[in-house]
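Using the sequences plus the hints, can you model the full thing?
Each chain, letter by letter, is given below.
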Amino acid sequence: MPDARITVPPSVARGKPFEVRIIVRHPMETGYRTDESGKSIPRNVIRTFTCRYNGDVVFSARMSSGIAANPYLRFFVTAKDSGQLAFEWVDDNGVRGSDSAAVTVV
Amino acid sequence: MTPREIHLSSTRRLLLRSGVALALVPWMPARAAADDLPEIPAMTAFLAGRKPRLAAVRLTLPQLADNGQTVPMKVAVDGPFTPATRVTAINLFSESNPVPEMAAFEFPAFVERIEVESRVRLAASQRIVAVASLADGTLLASAAEVIVTIAGCMDGT
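Going line by line, the protein sequences match chains A and B. Under my numbering, the first residue of the first sequence is numbered 1, with each subsequent residue one higher. Under my numbering, the first residue of the second sequence is numbered 1, with each subsequent residue one higher.
No lab work stands behind these hints: they were computed from the structure. Among the hints, a few may not be true.
[To be verified] Computed Cβ-Cβ distance ranges for the label pairs, DEER-style:
no., chain 1, residue 1, chain 2, residue 2, range
1, A, G94, B, D36, 35 to 43 angstroms
2, A, S82, B, A45, 41 to 49 angstroms
3, B, T85, A, K16, 15 to 23 angstroms
4, B, T88, A, S40, 13 to 21 angstroms
5, A, G83, B, K51, 48 to 56 angstroms
6, A, Y32, B, T149, 45 to 53 angstroms
[As the list claims (entries may be wrong)] Below are the DSS-like pairs computed for lysine-lysine, each with C-alpha atoms no more than 30 angstroms apart in a straight line:
no., chain 1, residue 1, chain 2, residue 2
7, B, K51, A, K39
8, B, K51, B, K74
9, A, K16, A, K80
10, A, K80, B, K51
[Unchecked claim] Computed footprint of chain A on chain B; a stretch qualifies when at least three of its residues, placed anywhere within it, have a C-beta under 8 angstroms from a C-beta of chain A:
no., stretch
11, 39-46
12, 65-79
13, 90-101
Where a beta carbon is used, it is the ideal one built from N, C-alpha and C, also for glycine.
Okay, here's the thing in structure tokens:
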């Protein structure tokens, strides 16, 4: 199953901001919970999230346990050229996730 | 009027006056709190003595959150912006969460529309502050108060 669900408009107008929505599948474990045997579950949250547009970083987020599980982000990016939005994130365990979406500029 | 009557009526007047004063007391601090930002040490450290203007930032959270595990949050900064006055970052601070620095959103590229939506976890009823940093060094801020029925990080499930 994919680790993220991304929504971008089917086509965007050059020079105008367009909406990007992404949900990443991740427990965002706070570190304050315990399992059935009473052992504490170690913290594991996505620390950094980056969105690149044709190679350039256009949006990034530093997150904590204050962001809900399966983090959802909605933000705007200025349309330049058709190409790719590439998303990358890293959690406390150093596990990297990535996904991408195509952008069509008209 | 006899002196006795004068005495009585002045006591009544005094009582009335103190009653009015008492009614005003709880109202005044609440009013002051709405105009000010809450005391969050992590935010004080971030601001480092700088004073943000309480303008242009719109932080939207529900007034009442049934479940602190996932609370919709929206922050927007009203433009228009020029490359010199564009928003470079928005920092989100929590008054009562174990981790006060909830998130920081950065905008390395110019974008006309500054609006970020996410879902946050809240440990208790509290105020949340969004501080927007502009490229020219200006700081803008806004606070929102949320009442949380079920805390976001205390469940043992």
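Structure-based check of all given hints:
no., hint, verdict
1, A/G94 with B/D36: 35 to 43 angstroms, "holds (41 angstroms)"
2, A/S82 with B/A45: 41 to 49 angstroms, "holds (43 angstroms)"
3, B/T85 with A/K16: 15 to 23 angstroms, "holds (20 angstroms)"
4, B/T88 with A/S40: 13 to 21 angstroms, "violated (37 angstroms)"
5, A/G83 with B/K51: 48 to 56 angstroms, "violated (41 angstroms)"
6, A/Y32 with B/T149: 45 to 53 angstroms, "violated (18 angstroms)"
7, B/K51 with A/K39, "violated (44 angstroms)"
8, B/K51 with B/K74, "holds (23 angstroms)"
9, A/K16 with A/K80, "holds (8 angstroms)"
10, A/K80 with B/K51, "violated (36 angstroms)"
11, 39-46, "violated (count 0)"
12, 65-79, "holds (count 3)"
13, 90-101, "holds (count 6)"
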